[in-house]
Amino acid sequence: MIPRRKFLHLTASTGAASVIAGKNLCAEEPAIRRLSDGECDPGHGSVELQIIDTNVSLFHWPFRRLPLAEIDALRSKLRELNIASAWTGSFEGLLHRDIAGVNQRLAEACRSHTELIPIGSLNPILPDWKNDLRICVEAHRMTGVRLYPNYHGYSLNDTRFREFLDSATQSGLFVQIAISLEDTRTQHPSFQVADVDPEPLVELLPKIPNARIQLLNYRPKALVLERLAKISGLSFDIARIEGTDGVPLLVKKCLAGSVMFGSHAPFLIPEAALIRVHEASLTDDAMLKAILWGNAHRFARRNNS
Amino acid sequence: MKPDAMHLGLPSSEKLKEYRIWDSYFTPSLSHPGADGSSGLFADIERSLPAIRKARFEKLCYFAHVGIGTTTDAGYEQRVQKNPDIVLKPLERWQDLLLGMIQLNPNNVPASLDALNQWLRDGPMLGVYFPGSGPGALTCTHRNFHPLVERIAQLKGIVMQHTWFKTGGKQGAGESTPLELAELASKFPEQKFLCAHAGGEWENGIRAVRDSPNIFVETSGFDSTAGFLEMAVRELGAERIVFGSHLPTRSLGTELAKITTAAISDEDRKKILGENYRKLIKVAM
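Chains as they are written, first to last, in the numbering used here: chain Z, 1 to 305; chain W, 1001 to 1285.
Since the hints were derived computationally from the structure, they do not count as laboratory data. Check before you lean on any hint, since a few could be wrong.
[Said to hold, decoys possible] From the structure, some residues in chain W lie toward chain Z, with a derived Cβ separation under 7 Å:
hint: 1; residue: Gly1009
hint: 2; residue: Ser1048
hint: 3; residue: Gly1174
hint: 4; residue: Glu1201
hint: 5; residue: Gly1253
We treat Cβ as the ideally placed atom computed from N, Cα and C, and that holds for glycine.
Construct all of the structure, not just a fragment, from the sequences and the given hints.
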């Protein structure tokens, strides 16, 4: 359980961000929450960055073999992109009903690859989901869990989701909600699932103090985003944000600190999200640092602070 | 790509220059150029410039509305008919950067034939774009396409056809699928067609055009789904693939990373990023 940190040294040059991979690794850490240590906190003088990818998955996508499906290939790519820490879910969580088995395999796979932070799958409409949650916390010492409401067949209005969110929050976990996994237009014809409607969170989230939710793979619609963006405790990733200036515009619309780097690798090409952060040259060093590392760092440690 | 060559997901600037990137699918203000004929276009081109410069694109091809009913704005259509020179403004302002094609309206064959003479025969446009939505959309198996493609072939223009295979079916009556493009292309074996977006759902799209050697696939318009280019190169060969950016409504990251990160040879990457398109354009020029 030893995630390592790599730092990127960012230097501004003629309007284009250039990054050199640093070799200095910081102290070993037992869990993601140790990111709050601050001993390696970037800043002071040269601008330094490390990257946390909040949206990675292991194992096989059910409908296609992906080039980075194997764990060694994925880890190699993460290293290549200087991603020091990846919040890692399991594609098995989409369709398997033995969720405890899914999470056990994930935890085991991540145990010897310390940059992979296991994020358990949970399905709150399965009988005895509380036991799955307990195992995530007590046995696997996970810091977050990931939900797939559209694949599991419930909406965010469902009382079982509310009950789950209460329990997860009381257990100190953050919750990732996969709004989509794939463009609905390209889904397998025998397995079509609509995107999750996040709007119920506008009413629900303020009623659960300390709840932390990150929406994954969300492509916001303007009017809904206007309401979601004002909710404390709600964050977003950028895996399916589109438009050349889509990321800086999202940052502008949302509460400070609520937009985090997430690639949806290996289903999507991880470089795509990384380029998207800076391509419009509207992200200054501070914004880059916040999206690529700082916001996720704060989100993950909030429960400990 | 070696780790030390990465610049936040992009290849080095030198490598990007070496690729000589020509973008076949630049979509500033695709559905409407602005009431005055150019303000929307200019704004979207300006918006795209940081990404264009960062990736060191050499050329980008956009699709102009030329007053034959491809927008829903009757005022604009009349304005450009009276003053066709407004179509040329972007090409004049960015003459070293932009290439142009015209959007055709197969629902209005006589006007489209006139436009082909005005803009392809007499220049400076290089080909045509058949849209997938809006008043100019018509499924490409319709007989109205035949006289238009015949004339385009005479003028040595190239054809970019919007295509999508959408799970659940077409979202508009005028949409075309790659299978329908293959049907059209089989009637004009000497004409080159570009299958825009590789059909979106590319596993079906690639299969649909595989046996149509006069169809090239264009790479933009769908998420950066991993494995696309590897399959396309395997099934079609790199020679039948051309890069498109779909800027500014899609991100450079989404579209360029499909090509720069794929497990293919750098030689094939160069073909896809520019060489293939330059060969097509050369015929049209």
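Legend entry - Numbered hints the structure breaks, given as an ascending list: Hint check: 3 fails alone, others pass.
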